[in-house]
Each structure stands twice: as structure tokens, then as C-alpha cells.
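Trainee: For chain A, the structure is supplied; the task is to place chain B on it using the hints.
Residue numbers (our numbering), protein chains in the order written: chain A, 12 to 119; chain B, 182 to 358.
These aren't lab readings, by the way, just hints derived from the structure by calculation. The model shown is predicted, which means the values in this text are computed figures rather than measured ones. Treat the hints with caution; some may be incorrect.
[Claimed, not checked] No farther apart than 16 Å at their CA atoms in a straight line, the calculated lysine to aspartate or glutamate pairs in the EDC-like style are these:
(1) B/Lys276 with A/Asp112
(2) A/Lys106 with A/Asp116
(3) B/Lys311 with A/Asp74
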Amino acid sequence: MTVPASHILLLAALLFAIGVAGFFLRRNVIVVLMCIELMLNAANLTFLAASRMHTLANGGRPDLQGPIFAIFVIVVAAVEAAVGLALVIALYRNKQTVSLDDVADLKN
Amino acid sequence: MANLIFYVMAALTVAAALGVVVARNPMMSILALLGSFFALATIYLLAGFQTLAALQILVYAGAILVLFLFVIMLLNLADVGPLERIDLALFHERKTVWTLAVAGALLGLGAFVALGAPPAAAASEAALPKGGIDGLQGLADEMFSRYLLPFELISVLLLATAVAVVVLAKRQRGGAR
Chain A
12 MTVPASHILL LAALLFAIGV AGFFLRRNVI VVLMCIELML NAANLTFLAA
62 SRMHTLANGG RPDLQGPIFA IFVIVVAAVE AAVGLALVIA LYRNKQTVSL
112 DDVADLKN
Chain B
182 MANLIFYVMA ALTVAAALGV VVARNPMMSI LALLGSFFAL ATIYLLAGFQ
232 TLAALQILVY AGAILVLFLF VIMLLNLADV GPLERIDLAL FHERKTVWTL
282 AVAGALLGLG AFVALGAPPA AAASEAALPK GGIDGLQGLA DEMFSRYLLP
332 FELISVLLLA TAVAVVVLAK RQRGGAR
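One chain only, chain A, in its complex shape (with noise of 0.2 Å):
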């Protein structure tokens, strides 16, 4: 593939975009979550394209800082999707409800 990278970045750019418009327009709890992980998956495409811009600029040399990064947040999203998913879970139990505007105590 002789994709130049900045053609990579730019997908990532739109990844994210796509991802920071879903988070603040949509109201189901689990929609939003979704959107965090568009965005993180967004993150991850960005450091694989520095790394492998670096590697071809290094001649070859694979350069792995961007690989093991985003093994990192790979990580972190399992996380985050845990977490939320059991906050998720406990607002239902809780409040019969999973969308954001019926969850608004601690406005004003």
C-alpha cells in the first residue's frame, strides 16, 4: 500500500469527528458509550500511522512505540466499556431509564 499517510490521518480526523458529534447529539446512555469507542479507535488509527510513517522513515526499521500505545488503549477502551456498561446497568435498576435527560441531578 503507498497510501501517504496523511491521507491516513485524515480518516482519523473524520473518526473522531463522527465520534465527538454522536457523544454530545445522542441521548442513550449506550449510543454515547459507542461514540467514546469510535473515538478511541480513532486514536489507535492515528498512532498506527505515525508509526509506520516513522518506520519508513527510519528505512525499515519498525518503529513500535506507536503498536504497543495502542495496544495501551485498547486496553483502556475494555475498560472504559466495563465501567460504563455497569454504571449503565446500576442507572437502570436504579431509574427505569437509559437516557440522558431523565439523568439530570446534578444540573444547576
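Mentor: Frame of chain A; chain B shown alone:
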């Protein structure tokens, strides 16, 4: 050929991500997210990251998405009906306009940075190492020497999360809730 596959998969990823945001039914959002993850895994593979592509499918599609699926099934959300209205009337709200403005600004910033990236990366396939950039051996060497401390820290984080999730999701004993 590989370039063509990259652009097709990139378009697929973006379309699926948009599907996550606009789908009314959370189940449809999950399916769209699944498609987006698989397209991204293909892109990782094309870019020379075999291990990360496998991890993307195993951990993201195999574990995290199934967790989402479990919760939707458990709470019986799939047949609640659309929780919110998603149509053009949304654009009359001030919040929507602001959100899209902020997202567009972020996209512009990202594009500005991306297009400033050095064009040297358009080198040929032959410049990449044979077994992909993230060969398992090189990855493990680096992970267990230079990045040993973060590795241990993230294991502690996982343990703490397991305990926290059990505590959060446990039904309160004796409580009428």
C-alpha cells in the same frame, strides 16, 4: 490494488461510523460499529500491522462489542422503540448546530495537521519490514523491557476494574431496590 482497497475500506469505516450516530435502534448502532471495526482492522492489515489487526477483531469485536450486546439484551432495550427522535427537526435546536460546529472545527484542525504531514511516507511497500511492522517478537521484546512498568500498571488497572464492576453491578443485599 492495495490502495484501492484502502480507500474502499476508509469509505466503509466512515459510513459505518455515521451509521452508529444516526441509527435509531441501539442494536443497529452495534451492528454498524461492528462493520466499522472490521473495516478498520482491514486498514491496519494493509498498513502493515498484523498483530494489531488481530487484536482489533479479538478484543474490540469479540469482547467489547459482545459486552454492549449483553447489556442491550439484559435491559431489553432492543424493543423499547426509538428512545429519541432523529430527523431534520433536530437542526432547529441550538445544541445541534453548536455540536456540529465544534465537530467541524475539530475536523478542520485534524485535516490541517494531517495535510502538513511529511509526504515522504508515500514510499514503496518494499521499504516496510518483512513480517509487518508489529511482529510479535519485536512487540514482546519492547513490551517486556522498555514498557514493563506501564504493562504492570495496566494489569493493576484491569484488576481494579474487575473489582469495581462486580461492586457496581451487584444487587444491594437486603435492599428493596
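Trainee: Hint by hint, where does the structure go against what was stated? Just the numbers, ascending.
Mentor: none
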